[in-house]
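Novice: Chains V and W are the protein sequences, given in the same order.
Residue numbers 1 to 361, in full-length UniProt numbering, belong to the letters of the first sequence in order.
Residue numbers 1 to 73, in full-length UniProt numbering, belong to the letters of the second sequence in order.
A couple of the hints might just be wrong.
In silico DSSO-like links for lysine-lysine, alpha-carbon gap of 27 angstroms or less [stated by the list, open to error]: (1) W/Lys3 with V/Lys18; (2) V/Lys95 with V/Lys233; (3) W/Lys72 with V/Lys84.
Far from chain V, some chain W residues (derived; all Cβ distances over 12 angstroms) [said to hold, decoys possible]: (4) Gln21; (5) Ile36; (6) Asp39; (7) Pro40; (8) Ile63; (9) Val68; (10) Lys73.
These aren't lab readings, by the way, just hints derived from the structure by calculation.
Glycine included, every Cβ here is placed at the ideal spot set by N, Cα and C.
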Amino acid sequence: MTQDISSQDANNSPKQRKAVALISGGLDSLLAAKVVQEQGIHVEGINFYTGFCVEGHTHAIRKKDKDKQKRNNSLWVAEQLGIKLHIIDISEEYKDIVLNPKHGYGANLNPCLDCKIFMVNQAQAWAWAEENGFDFIITGEVIGQRPKSQRKETMPIIARESGADDRLLRPLCAKNLMPTLPEREGWVNREELYDFSGRSRKPQFELAKKFGFEDFAQPAGGCCFLTDANYSKKLADLWDARGERRYELDDIMLLKVGRHIRPKKNFKLIVSREEGENNFLRGYKKQFTSIHTVSHGGPLTLLDGEFDKDDIRLAAQIAARYSGGKNAEQVTVQVENYNGTSYVMDVPPMPADEVKQEWHV
Amino acid sequence: MSKNTLDCRNLLCPMPVIRTQNALKDIADGDTLEVICTDPGTLSDIPTWCRINQHQVISSEEIDNEIVFVIKK
């Protein structure tokens, strides 16, 4: 950023400093923003939508989840703090981070270090941040919290490679790091920042209590599906089957829905598990060949990949196995091509023990 | 005052919120935006986003699995 660091505005009044907080929706970013806000800094939030955000697409899909409270935690955090939140769609630019992480993956397909560099850089580069006179960036990182991205030795890498340098303040662990520009210039009081480190969440819970925050989100594995082993396995399967590492937004949405069954390398079935998923998958019927059972109640199934008539018959038998006619001799299914043409066929449902375990992705 | 319409059917949150946010940037203060959604998550997310960004949800109505918001900037 190029903002000046003078301490007074044009009227010789103390300059109101502004910070952009990266808001994930979790507790740490909530606390980090609050700590700085408490020091009189004007804070606004940014939330990046990567396509893999746990906050996003899942809560609306499954009907069984309908009774659960549906909220976007980043919006909830912003409301608790009384700050504006700007949600930015970076799903397209983010592909390069997922496909080619310079610093490699974590335990699964999670490119956490590259991701953080990218997001801080996005916040840094965001045109209005400079236009509106934002002075520095806040993140909720804590040294040692995450095995890959939040280590003491990686913190300077994020600051340096993102271009934020010492305009990147981590209020929850600032005392364990070198003083940043906002601290040196006295915009924030370093003594009122924190020295959290390690994987224990106790200090955060105590600080949350002090601020009176309750009901905050505690997503297991953080806020990104890429930290989830099962999800990463499905993504790796997709790349393997296609023979290349690429994805579209629809691909990564569909990895969260239904049973994924790959009886042959050239195609897989996505079989809905209940009505909510049925409704969701119905929205993809113009992009995928689909199968639904006519003679019995049953799930909607999408076919992904390349397949011939024998493959479709095999898929229909598997789909029938998950229908109300699984014990019937024959089940009638309708096969609908994405271009709208369709036909019906009768198939014997595949016995449960013939649906091989290794087919389940 | 003019009326604008945004189609967010088949989009899952937070995309309807992002589209709404971007669409509101392009309309004048006092104008309204009608947003049509199918994701039940919008019932919470769009009013919350409007509250924190000081826009007014004039109405929200569920009709045949569609949710229609009218928002005043």
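Novice: All hints, please: hold or fail.
Specialist: Hint check:
Between the alpha carbons of W/Lys3 and V/Lys18 the distance comes to roughly 34 angstroms, so the proposed pair goes past 27 angstroms and is violated. With a C-alpha separation of about 17 angstroms, the suggested pair V/Lys95 and V/Lys233 falls inside the 27 angstroms cut-off, and the hint holds. As the CA atoms of W/Lys72 and V/Lys84 are separated by approximately 17 angstroms, the hinted pair is consistent with the 27 angstroms bound. Here W/Gln21 does not stay apart from chain V, with its beta-carbon only about 6 angstroms from theirs, under the 12 angstroms limit.
For W/Ile36, the requirement that its beta carbon stay farther than 12 angstroms from each beta carbon of chain V is met, with the minimum near 14 angstroms. Listed as a non-interface residue, W/Asp39 fails to keep its Cβ farther than 12 angstroms from every Cβ of chain V; the least gap is roughly 5 angstroms. Listed as a non-interface residue, W/Pro40 fails to keep its Cβ farther than 12 angstroms from every Cβ of chain V; the least gap is roughly 5 angstroms. Residue placement check: W/Ile63 keeps its beta carbon more than 12 angstroms from all beta carbons of chain V (closest about 16 angstroms).
Once the 12 angstroms rule is applied to beta carbons, W/Val68 is consistent with being away from chain V; the minimum gap is 17 angstroms. Under the 12 angstroms C-beta cut-off, the non-interface status given to W/Lys73 relative to chain V holds; the minimum distance is some 14 angstroms.
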